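Add chain Z to chain E, keeping to what the hints say.
Each protein sequence line maps, in turn, to chains E and Z.
So that you can map any letter, position 140 of the first sequence is 140 in this note's numbering, and since no number is skipped, the others follow by simple counting.
So that you can map any letter, position 72 of the second sequence is 72 in this note's numbering, and since no number is skipped, the others follow by simple counting.
What the hints contain is simulated information worked out from the structure, not anything from laboratory work.
Errors might be hidden in some of the hints.
Calculated Cβ distances over 10 angstroms to all of chain Z for the following chain E residues [stated by the list, open to error]:
id	residue
1	E14
2	D439
3	E473
4	E626
5	A688
6	E691
Derived pair list, reagent style DSSO-like, types lysine-lysine, alpha-carbon separation capped at 30 angstroms [claimed, not checked]:
id	chain 1	residue 1	chain 2	residue 2
7	E	K284	Z	K132
8	E	K371	E	K293
9	E	K293	E	K370
10	Z	K32	E	K103
11	Z	K283	E	K293
All of these numbers come straight from a predicted model, not from anything done at the bench.
Note that beta-carbon positions come from the ideal geometry of N, C-alpha and C, so glycine has one too.
Below, each chain spelled out in residue letters.
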Amino acid sequence: LVGAPVYRLSMIAEAHATKGLCLEKLPSASSSISSHGPDRDQEIITCYEKSGDIALLYLQEMEKALSAGMQNRSPKPGPVTQEQELGYFLETGLQRAHVIHFKNGNLTRGVGRFREILRAVETRTTQNLRMTIARQLAEILLRGMCEQSYWSPLEDPPQQSPLNDSLRQGPLARDYSLSRRPRVYSGENLFCPQENTEEALLLLLISESMANRDAVLSRIPEHNNDRLISLQSASVVYDLLTIALGRRGQYEMLSECLERAMKFAFEEFHLWYQFALSLMAAGKSARAVKVLKECIRLKPDDPTIPLLAVKLCIGSLHWLEEGERFAKMVVDMGEKASEFRAKGYLAIGLVYSLRATDASLRGMQEEYQKKALGAFQRAQSLSPTDHLAAFYLALQLAVSRQIPEALGYVRQALQLQGDDVHSLHLLALLLSAQKHYHDALNIVEMALSEYPENFMLLFTKVKLESLCRGPEEGLLTCKHMLQIWKSCYNLTNPSDSGRGSSLLDRAVADRRQLNTMTLPDFSDPETGSVHATSMAASRVEQALSEAASSLQSSAPKQGPLHPWMTLAQIWLHAAEVYISMSKPAEATACTQEAANLFPMSHNVLFMKGQVAELRGSVDEARRWYEEALAISPTHVKTMQRLGLILHQLQRYSLAEKILRDAVQVNSTAHDVWNSLGEVLQAQGNDDAATECFLTALELEASSPIMPFTIIPRAL
Amino acid sequence: MLAMERGVVEEWLSEFKTLPESGVSNYAVSLKVKAALIPAIYRVIRENDSDLLEPVCHQLFEFYRSGEPRLMRFTLQFLPELIWSYLSVRAGRDPHRSGCIEALLLGIYNLEIVDKDGQSKVLAFTVPSLSKPSVYHEPSTIGSLALTEGALANHGLSRVVYSGPHLQRETFTAQNRFDVLSFLLLCYNAALSHMSNSSLQTLCQLGSRVCICGYPRQQMRRYKGISTRMLVSSEFLVQLITDIHYALCNGEPELGFKALDDVMYRAQLELFPEALLVCNAIKSSQHGGALKPHKEG
Chain E
1 LVGAPVYRLS MIAEAHATKG LCLEKLPSAS SSISSHGPDR DQEIITCYEK SGDIALLYLQ
61 EMEKALSAGM QNRSPKPGPV TQEQELGYFL ETGLQRAHVI HFKNGNLTRG VGRFREILRA
121 VETRTTQNLR MTIARQLAEI LLRGMCEQSY WSPLEDPPQQ SPLNDSLRQG PLARDYSLSR
181 RPRVYSGENL FCPQENTEEA LLLLLISESM ANRDAVLSRI PEHNNDRLIS LQSASVVYDL
241 LTIALGRRGQ YEMLSECLER AMKFAFEEFH LWYQFALSLM AAGKSARAVK VLKECIRLKP
301 DDPTIPLLAV KLCIGSLHWL EEGERFAKMV VDMGEKASEF RAKGYLAIGL VYSLRATDAS
361 LRGMQEEYQK KALGAFQRAQ SLSPTDHLAA FYLALQLAVS RQIPEALGYV RQALQLQGDD
421 VHSLHLLALL LSAQKHYHDA LNIVEMALSE YPENFMLLFT KVKLESLCRG PEEGLLTCKH
481 MLQIWKSCYN LTNPSDSGRG SSLLDRAVAD RRQLNTMTLP DFSDPETGSV HATSMAASRV
541 EQALSEAASS LQSSAPKQGP LHPWMTLAQI WLHAAEVYIS MSKPAEATAC TQEAANLFPM
601 SHNVLFMKGQ VAELRGSVDE ARRWYEEALA ISPTHVKTMQ RLGLILHQLQ RYSLAEKILR
661 DAVQVNSTAH DVWNSLGEVL QAQGNDDAAT ECFLTALELE ASSPIMPFTI IPRAL
Chain Z
1 MLAMERGVVE EWLSEFKTLP ESGVSNYAVS LKVKAALIPA IYRVIRENDS DLLEPVCHQL
61 FEFYRSGEPR LMRFTLQFLP ELIWSYLSVR AGRDPHRSGC IEALLLGIYN LEIVDKDGQS
121 KVLAFTVPSL SKPSVYHEPS TIGSLALTEG ALANHGLSRV VYSGPHLQRE TFTAQNRFDV
181 LSFLLLCYNA ALSHMSNSSL QTLCQLGSRV CICGYPRQQM RRYKGISTRM LVSSEFLVQL
241 ITDIHYALCN GEPELGFKAL DDVMYRAQLE LFPEALLVCN AIKSSQHGGA LKPHKEG
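If we strip away everything but chain E, and leave its shape as in the complex, we get (with noise of 0.2 angstroms):
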């Protein structure tokens, strides 16, 4: 082979293939089979085998002689080169070993072959054969190894493997020898795979880009047969590349990729479902939806769609409006959506529960809490067994206060999934509404056993046990939770770098852009970032959720919330309990680290407020209160705190102002009733106060510990 020229490479590696060919069609009954069956297929597959490698060889050789050929007799570039195309013997070389020691179940071989083909430097010619070859070495890599099993491409494969057929054990090497092999890519650091999911993610990406090299876009119907062809070979490239993403959780990196598909995805429901789940695991919600929305155009028959992008607009994105048609989708289709019907009626009586909470006039409170209520019963009745659609309806009983009601259906939720935290959680605070706060607790309690880290939980926990056990007890439970939360976001390890390495490190780079944010209420939802006045605390939610959701999937989740938002209510829960035992130093301590995370968030300056009210400072505390208004127009505590030092400072009319539009937002606040009574009374206006306190008096009976709208409403 040293020094052979070009064409007699071609033949030598014809004549290698026609060998076997002639030798597979020999009649092996003619020898005995038994003790020369394996032999005689070595003998083939070494054929085949030295034919491929020298084919390889000569197209290495062939393209170099053209190059320089046209490098030195025309220097302008010439004529493109004719596709070359290979002879049916080359092909038959490179094609036929590996399929030979499949059949013969010797998977460890087969596999080698591959890699050796692959590991050869690229030829014009050897493309279309590569990335067919790249991609049936990653389906076998994704379907029939595993790590254990896996060896890497520059490794010698193991002497024994259980990916090969015991019965029938070849030969674990090839028995020949070349004295001019291909040539392979080399070089220093060279990326070499080092488990089945790297090279299947390696060999994917590189079909992947010759997929879209080779792309046929045109919609000629000339060209029809082409496409087809050319979207059915990047189609498994990308399901391939969703298996090994999938298994690794990289969900943001695989909606990259599919992004890429998407000039294929004309009218091809497939990719567009595929990248629509995508972004949707990747936590980019807001992109997800509008591809749902082509999703349901392309499939308008089936209900999983628009009720995944319900999920979506009724979590982050808070997009009640587009939620509401989407669910009315699923409801219109009737008895056609089957068992996805009850989930249809969950998801709409889900958003006019929340449009209920954002809602600013009474009148329309009322009107979209009925219209709630009608649909979880609608699908508490068509799904008896779902411990959602009763925990919801006790949700919403709960929130208009009928309260017996909504303990009898989350018991019935209980009954149903007695693991579900939020149905533990109502049931504490339907508990504490009736003021068992004993029994509150004890459930509470009992839950935490299950949900150890479960920080609403324990925010519960902190206000029940300051009533029933004294402040100091309140604090302690503060203390544990700091634990937890360090044990929970501080699980380093210092010696693995890179991006997503640990939520501490990605919460930490977060944290700087944080300072300027304004921290989401999640304590009081109602009156709280959820509300339609305060969207831009919204949207600072949102972008939070996203970046936390986009974190991997490995990391502990406790809810949608941001580590930092979490930390940041500890400090403030702790603040408050030392309010509550007049410690005002300790209280400041407290908000101060609070105020640390984000100073400019609502919640922080209403405590601070409530601080320099402690220490007797009544103006100071008024500037507190007016600041945090500023940033939260609609912060009931807030407001409430503010008219009853305005009713301090006489200041009667502008008081009864600001508790009028405070019992506006949230009109089932008995402390603010309470206050509007006072301010009343002191303007001498004593029928109307009298009403007041009556409210407030009757909404003081039914209301729990902590609002009912803290439990999370989500699909």
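Here is chain Z on its own, set in the frame of chain E:
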């Protein structure tokens, strides 16, 4: 349980105790030959009230702790059945019964989350990049890459953590249950090539049952076990599908497809995008799948 099966299990329980340190690896090889043993152990796990369950779980844990790969795989093959047994007993609200299975599962988990030196293990992999040369390509031949934000961010090779570090767990809680189980499935996944077909079958059954219990489809599948709905997490379903995918392609097409369908059904009802994504991809790639790797029977 038959007396003969009982005898086989009892013999297995006693012989490992008397084994000298040096004989472990030979013993591990010899386990393969005992045809009656594995079905008998399955029987013990399934019946759940046998007095042999506790010693069996204990012994399986000892095998895992020994560090001998063959013995570890011997234990691992029962993982799907153990997980199902644990989940079904839990759903049946008789939790004290699953005590020893629970301990075994947590034991394996706690062994697997640390490396040899007792440090928290972090599972990471390198995301290949076409802009860096590899054994299979040269960046210059790839042509122009789309210059997206992502492409720029991934210009170099980056290590990405996909699992870990994990906390030690002493008990199962509703909160950590599926984190632990997902991680166990990940360990099972790493050894899939060594798993027998009977193990893959139990895996498919686990997948189907977890997903359909308590849902209308349960009648369709005529499964008459417990009928309580089980909460699942999206990540757990993704791990399940990954394992089912292997079973599907390696000798269990029928059960595998059924399980895949059931997981997909559940993923739709739960609106889990991650699980749906992978299910769809597997289904679609299966239609075009030309090459099926061989698997010993």
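Pair hint K293/E and K370/E, alpha-carbon separation not exceeding 30 angstroms: Roughly 29 angstroms separates the two Cα atoms, so the pair holds.
Given pair status - K293/E, K371/E, alpha carbons within 30 angstroms: Measuring from Cα to Cα gives roughly 25 angstroms; hence the hint holds.
Status of the stated non-contact between D439/E and chain Z (beta carbon gap over 10 angstroms): 21 angstroms, holds
Consistency of the no-contact label for E626/E, given chain Z and a CB cut of 10 angstroms: 41 angstroms, holds
Chain Z versus E473/E - minimum CB to CB distance exceeding 10 angstroms, so not interface: Per Cβ check, E473/E is outside 10 angstroms of chain Z; nearest 22 angstroms; holds.
Beyond 10 angstroms from each Cβ of chain Z, as asserted for A688/E: Nearest chain Z Cβ is 49 angstroms from A688/E, so the label holds.
Restraint check for K32/Z with K103/E, where alpha carbons must lie at most 30 angstroms apart: Holds, because 26 angstroms separates the two Cα atoms, which is no more than 30 angstroms.
Minimum Cβ distance from E14/E to chain Z greater than 10 angstroms, as the annotation requires: 26 angstroms, holds
Agreement of K283/Z and K293/E with the hint, judged by alpha carbon distance not exceeding 30 angstroms: Given that 30 angstroms is the threshold and the Cα spacing comes to 23 angstroms, the pair holds.
Straight-line alpha-carbon gap K284/E to K132/Z, limit 30 angstroms: 28 angstroms, holds
No chain Z beta carbon within 10 angstroms of E691/E's: 46 angstroms, holds
Consistency with the previously given hints is maintained throughout, with no hint failing.
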